[in-house]
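Chemist: Letter by letter, the chains look like this.
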Amino acid sequence: MPVATFAGTDVTVDTEGFMTDHKEWSEDIGTFLAGQIGIELTDRHWEVIRFMREDYAEQGTSPTLRRVSAVGGVPTKELFTLFPKKPAKKMAYIAGVPKPQGCV
Amino acid sequence: MTSTQEAPVVVPDFGDEDNDRKICFIASKGTLDMVYPSLVMANAALGEGIETHIFFTFWGMDIINKDTQDDLQFTWLGNTAMHPPGKKMHMPQGLAGIPGMTGIATKMMKKQIADLEVPEVPEFVQMIADAGGHLWACKMSADMMGLTMDNFVDGVEDIITATDFIELSDGGQVIFT
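Those protein sequence lines, which keep their order, are chains H and P. Counting along the first sequence from 1, when you hit position 61 you're at 61 in the working numbering, and nothing is skipped either side. Just so we're on the same page, the working numbering is the position in the second sequence counted from 1, plus 1000.
Treat the hints as calculated values from the structure; they're not laboratory data. Remember, predicted model here, so these are calculated numbers, not experimental data. Honestly, I wouldn't trust all of these hints.
Per the computed footprint, the stretches of chain P lying under chain H, defined by three or more beta-carbons under 8 Å from a beta-carbon of chain H, are [stated by the list, open to error]: (1) 1020-1029; (2) 1047-1053; (3) 1113-1120; (4) 1128-1137.
Glycine included, every Cβ here is placed at the ideal spot set by N, Cα and C.
Sequences are here, hints too, so could you generate the full structure?
Modeler: Right, dumping it as structure tokens:
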């Protein structure tokens, strides 16, 4: 596994650049990763990212967009505004969890 | 002095620069099992940042019709591939014709879909509209069935002709379901 340095910390990543161990994540890393893809994190972004992490820890899989809106309470429309174009993947990237596997 | 060479940070390619892909689905069926292919794939396409259109026609009009979209049915009559989940046996065709069997089969399929955390049709259509999907109703079908924009759910942009659809799908991938 390649190792990358995010916000001064060495973390393992996959070949695409996604973190492979969610426990290595910190809020500083989240801010750094968001910056890498041109997103400045607001409180609303953080709500989503915290939900992603909590849900991943509980369920063992990354939540899909539908789950973030239905359970996390952030509407689909807003997710597309906060994390433009590919919200599910971008949210997972910043939150340090794997890309969602579900079809929906 | 150590000379460790730091590897450049690899950033995933989210394809923010390529936005020329366009996918257009034609949804022509109104049976519960056959409405999901276009909805699932359109939703996936939107999640990938792709411009996505769905043109609803014939029985597919039931997907966007307020009066019918929450009451789509499933029958295995005429579907020889039907077997009970996880079992290697075929369901007798005659059984599907028994009164009430469509209701039972529909209920079972809805439960399987819900177990996968996949939404029911009304919520799914709303989700696609919220994700920026473009929904179009077919004019010939609307005229045949006596439907107007008032009959359709929010998110349907307009009633358009076949020619309009051919124009708007120019340069895109067209998938008939």
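Chemist: The structure should be examined with respect to each hint, and the outcome stated for every one.
Modeler: Verification of the supplied hints:
With 0 residues bearing a CB less than 8 Å from a CB of chain H, the stretch 1020-1029 of chain P misses the requirement of three and the coverage assertion fails. Evaluation of the coverage hint for the stretch 1047-1053 of chain P: fulfilled, as 3 residues show C-beta separations to chain H shorter than 8 Å, against a requirement of three. Here's how the stretch 1113-1120 of chain P fares: 4 of its residues keep a CB closer than 8 Å to some CB of chain H, so the rule of at least three is met and the hint holds. For a cut-off of 8 Å, the count of residues in the stretch 1128-1137 of chain P with a CB near a CB of chain H stands at 3, and the three-residue condition holds.
The structure does not agree with numbered hint 1 stated previously, though it agrees with all others.
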